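Each chain, written out:
Number of protein chains: 2
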Amino acid sequence: MKPLIAQALHMGDECHNRNAAATSLLFKRFAPAALEAEVPQAQLAAALRFWASNDHFFLNLSMATCKAMLDAGHGVKNSSLVTAMARNGVRFGIRVSGTGDAWFQADASVVDGLYFPSFGPDDAAKDLGDSAITETAGIGAFAMAAAPAIVKFIGGTPSDALANTLAMTSITLGRNDAFTLPTLNFAGTPGGIDVRSVVDTNIAPVINTGIAHKDAGIGQIGAGITRAPLHCFAQAVSKLAATVG
Amino acid sequence: MKPLIAQALHMGDECHNRNAAATSLLFKRFAPAALEAEVPQAQLAAALRFWASNDHFFLNLSMATCKAMLDAGHGVKNSSLVTAMARNGVRFGIRVSGTGDAWFQADASVVDGLYFPSFGPDDAAKDLGDSAITETAGIGAFAMAAAPAIVKFIGGTPSDALANTLAMTSITLGRNDAFTLPTLNFAGTPGGIDVRSVVDTNIAPVINTGIAHKDAGIGQIGAGITRAPLHCFAQAVSKLAATVG
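As they're listed, the protein sequences go chains Y and L. Residue 174 in this note's numbering is what sits at position 150 of the first sequence, and the numbering runs on without skipping anything. Residue 97 in this note's numbering is what sits at position 73 of the second sequence, and the numbering runs on without skipping anything.
Calculated from the structure, these hints are not laboratory results. Quick caveat: nothing in here was measured; it's all calculated off a predicted structure. Possibly wrong hints are sitting among the right ones.
[Said to hold, decoys possible] Cross-link-like lysine-lysine pairs, in silico, DSS-like; alpha carbons within 27 Å at most:
#, chain 1, residue 1, chain 2, residue 2
1, L, K91, L, K150
2, L, K26, Y, K176
3, L, K101, L, K91
4, Y, K26, L, K176
5, Y, K101, Y, K263
6, Y, K91, Y, K26
Using the sequences plus the hints, can you model the full thing?
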């Protein structure tokens, strides 16, 4: 999955809110293999038709990949690396490598974005879902410089996209050389949020996200940009300080 | 084909020397349809495996699309629009809308590029092939701002790619709003080379191209950038002036 994500970052995806390239690349690998495995033709046609109809298909795999990468870095003594960010429309929580299973929480943020026809801000739930695991792993809004065309979906301008990636370099532990950004002359994506840097700089992690309707069952009504609440990171630094002693 | 090319320009292709997105997008449309048409499974598997193995697959369709678009503009009285650029490794020729079937020729140029392992400039033919029809139609090197990652294949830097697109706006009749460039805030590609502007500015059309071996049968040994020879355009302007009277 990592080489596939790396390739998609060279093809205008940031693999959170834009997955057009990664969805197509995986489809192109899957279809011949499924035919060679003699999957029944009608069933395969229906499955491929479903897959081909949704450019966000790859997001499910992108999220799982990011979760697996971050879990590998969880539980390291004294580490200030953020290993999860998640939200449920009411609360926003983060988990940090060196502080075990604790979730540091604050109220969920409002999402600033573009709405599908007939919907608007009054219909919107606050920030919701597990997809911010992509930003936690250094893609999504952190790799937005890779995806200038995304602004037609979530708002803003291509220079905003570039600025978001550059700003995130101030709060990450380094750059991920496995995920490079052509428009930044192939520099790596800012990777690995450091709770200390967030508190030092007051720069909140940026998140590209879908906007869900506030009533259950309606689903996505738009997409935009939001920020992780700073209070989560301040709590995590306090706890980490107490742990380090 | 036009919407597909437009989409690929938002996904890091310039549809001459980089066709990774367009190849995948067309594959994703074709595979379910072929299954529903009950193409025999083993044959379809072999065809899709071939298609999926070559990211340049779409170039064949890209060239034909550009040729069809330009032929529609050929034969307009007094028009200074370039409707074809082609080369055969020895000579380079252009055709202009208002000058009928005449080809204005000069010696083919050397290509400056990157070579596949074990090959170098001494093995190279001069500029060769019909693929410069893409630049003639305003994609390829003219849309290089869309494809910063291409520099890993043809040489140069992402800022060179941007500069090439911007320079071409000085020699084109306009911009093609059907083909937009995210990194230039969705400005259209420079479209429609004007022989008069080439002669006025001395800016030669830039071309992304493969490098062929000088001996027949070996095939592609690299890829790079070249320029159309200015002498072709000077001849065309003289002929056009004589025609206009």
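- [ ] Measure nothing beyond the straight line between the CA atoms of K91(L) and K150(L); if it is 27 Å or shorter, mark the hint as holding.
- [x] OK: K91(L) and K150(L) at ~22 Å, within 27 Å.
TODO: For the pair we were handed, K101(Y) and K263(Y), check the Cα-Cα distance against 27 Å.
DONE: holds, 13 Å
- [ ] Quickly compare the C-alpha distance for K91(Y) and K26(Y) to 27 Å and report which way the hint goes.
- [x] holds, 12 Å
Open item on the list: What's the verdict on K26(Y) and K176(L), does the C-alpha distance respect the 27 Å limit or exceed it?
Closed with: holds, 19 Å
Open item on the list: For a C-alpha distance cap of 27 Å, please report whether K26(L) and K176(Y) respect it.
Closed with: With Cα atoms ~19 Å apart, K26(L) and K176(Y) stay inside 27 Å; holds.
Open item on the list: Just to be careful, I want the Cα atoms of K101(L) and K91(L) compared with a cutoff of 27 Å; is the pair within it?
Closed with: The given pair, whose Cα atoms are some 19 Å apart, holds under the 27 Å limit.
The structure shown violates none of the earlier numbered hints.
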